[in-house]
Structure formats: structure tokens, C-alpha cells
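> Construct all of the structure, not just a fragment, from the sequences and the given hints.
Using the numbering used here, you'd call the opening residue of the sequence shown number 1408 and step up by one each time.
For the record, the hints were derived by calculation from the structure and aren't laboratory data.
This one's a predicted model, so the numbers in the text were calculated from it and none came from an experiment.
Note that beta-carbon positions come from the ideal geometry of N, C-alpha and C, so glycine has one too.
Some clues are possibly wrong.
Label pairs and their in silico Cβ distance ranges [claimed, not checked]:
no., residue 1, residue 2, range
1, S1522, A1598, 15 to 23 angstroms
2, L1479, G1510, 16 to 24 angstroms
3, Q1553, L1614, 25 to 33 angstroms
4, P1536, I1417, 40 to 48 angstroms
5, L1413, T1652, 19 to 27 angstroms
6, D1418, R1554, 36 to 44 angstroms
7, E1507, R1454, 24 to 32 angstroms
8, A1598, D1480, 41 to 49 angstroms
9, G1595, G1505, 39 to 47 angstroms
10, A1430, L1479, 16 to 24 angstroms
11, A1427, R1521, 31 to 39 angstroms
12, P1426, A1570, 57 to 65 angstroms
13, S1522, A1427, 35 to 43 angstroms
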Amino acid sequence: MDEALLRQLIDDVRTGALPADDAVRRLRRLPFADLGFARVDHHRSLRQGMAEVVYGPGKMPEQAVAIVRELLDQPGGPVLLTRASAEQAAAALSFNPGGERYGATVVWRPAAPRSERVVLAAAGTADLPVADECGVVLAAHGLAPQRLNDVGVAGLHRILSEADSLADAEAVVVVAGMEGALASVVGGLTAAPVVAVPTSAGYGSSLEGVTPLLAMLSSCAAGVTVVGVDNGFGAACAVLRLLKTRDRVASPAEVVADV
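Written out as C-alpha cells, the structure reads:
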């Protein structure tokens, strides 16, 4: 249940298109549905603008199936199962048809396409699984990120050749392991918000992602946002929040209302 659907529900009751008892029945499942092993948060879209996502690790396949089904039973936006095992994904798709699997992420009910320009840059091929997770989550919410693969600083000319794309972007995600230097380079080339994702790829003292994490947190490019190691999902959510906040601030209706 998101804001648009709630408004539609209220309008339908007001016009008589929906009986009040039916509206009460739908609202009874807000703010959550108790499945015994999980309390599915149907109110999250109203609070955050994004529905609850089903995180696969630690769940039995039947639990993943039940949570996905509960989310799909309510009208709304995309439903995602992330970091899913093959068994979880197969069970969830079998009992909840209509979804698509992209690696370890399964998507149902993807959002309509959006026009915002998002760039998703991966330093090396070893960083692609994390970048792919980010890309799938963005695509599920209607964004079509421009992918820049294998543009790490060991060959600096590769990212410099994409300077125009970075300058035109409305948000940029940088995925990098090793020493994580790509985030600082990109942060110095664009005015767009930059979300940096350290990965666990790297030799020697990369410390399974700790070194790029600390490097990104210490970036001399002011304002770079950093998520946790290998957290492509979190980077996508950060971009979606940034774009939503920007759209709300820029809304002409709200400007008029303030005046």
C-alpha cells in the first residue's frame, strides 16, 4: 500500500465505487500482517516510498514463499526477493508466478519506466556481481542505469572517456574493490550525488573490503555517500531515496502550496 493507492482507496469510498466495509477489510492489513514467523510491513511504502524487500539468507524456502505471497496479495509496487538461493528462488517463483530471476534477485511487479539518468560504474570485472545486484534493484523500480564496466583507476583513461556521461548523470553509483580509489575520481568529475560501494575483491591488504570502505569514507571528494561492503542493494536504495527527495523538493505543486 503506497500513497497513491491509499488516495485512490479514499476517493473510491468517497464516490461510492468501493463499499466502506471493503475499504475497512483492506486497511485492516495495515500497518503489518502477522504470519507468525514474520510481520510483513505493508506500511513501509507510505513511510519510505519503497516496499519491504524479502532478504533470502536465513529463511526457509517456504517462509520466503509466504512473505512474497503476502506482499503480492496487496496492490502496490515492486516485490523483490534478494540474495536468494536456487531453492528459495525456485520455490518462490513456483508458488508466485509472474516473477523474473536475475542472478540471486527475483523481481515481481516491476515499476513503470522512469526517465532519471543514473550511471552505474564498476571498477573491475570482479566487482560485477555487486554492481549487478544494484542494477537489478534500480531496474525493478523503473530506472535503466547506464553501465560503465571495467573502468578502474589502473587504466584511468577508461573512466575519463566517460566524463560526459558522468557530468549528465542525476546520480552515480561506483562499485570498487582493491583500494576503492574510483569513488574519489568519479566524485571529482560530477556534480551528481555519488554512492560508493566497496567490494570484497582485492589482493593482499584489501582486508575483504575494509580497505576500500575506509578509503571511500576518507574520500577527498566531498559528499560521497558510502554503503557497506558488497551492498549493491543498499546503494540502489540510497539512489532511490535521493531521487525521491529531489523530486519532492522540486515539485511545483508543493512550491505553490508553500506560497
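> Look at each hint and say if it fits the structure.
Do the hints match the structure? See the list:
no.	hint	in the structure
1	S1522 - A1598: 15 to 23 angstroms	19 angstroms, holds
2	L1479 - G1510: 16 to 24 angstroms	21 angstroms, holds
3	Q1553 - L1614: 25 to 33 angstroms	31 angstroms, holds
4	P1536 - I1417: 40 to 48 angstroms	43 angstroms, holds
5	L1413 - T1652: 19 to 27 angstroms	20 angstroms, holds
6	D1418 - R1554: 36 to 44 angstroms	40 angstroms, holds
7	E1507 - R1454: 24 to 32 angstroms	27 angstroms, holds
8	A1598 - D1480: 41 to 49 angstroms	43 angstroms, holds
9	G1595 - G1505: 39 to 47 angstroms	44 angstroms, holds
10	A1430 - L1479: 16 to 24 angstroms	20 angstroms, holds
11	A1427 - R1521: 31 to 39 angstroms	35 angstroms, holds
12	P1426 - A1570: 57 to 65 angstroms	58 angstroms, holds
13	S1522 - A1427: 35 to 43 angstroms	38 angstroms, holds
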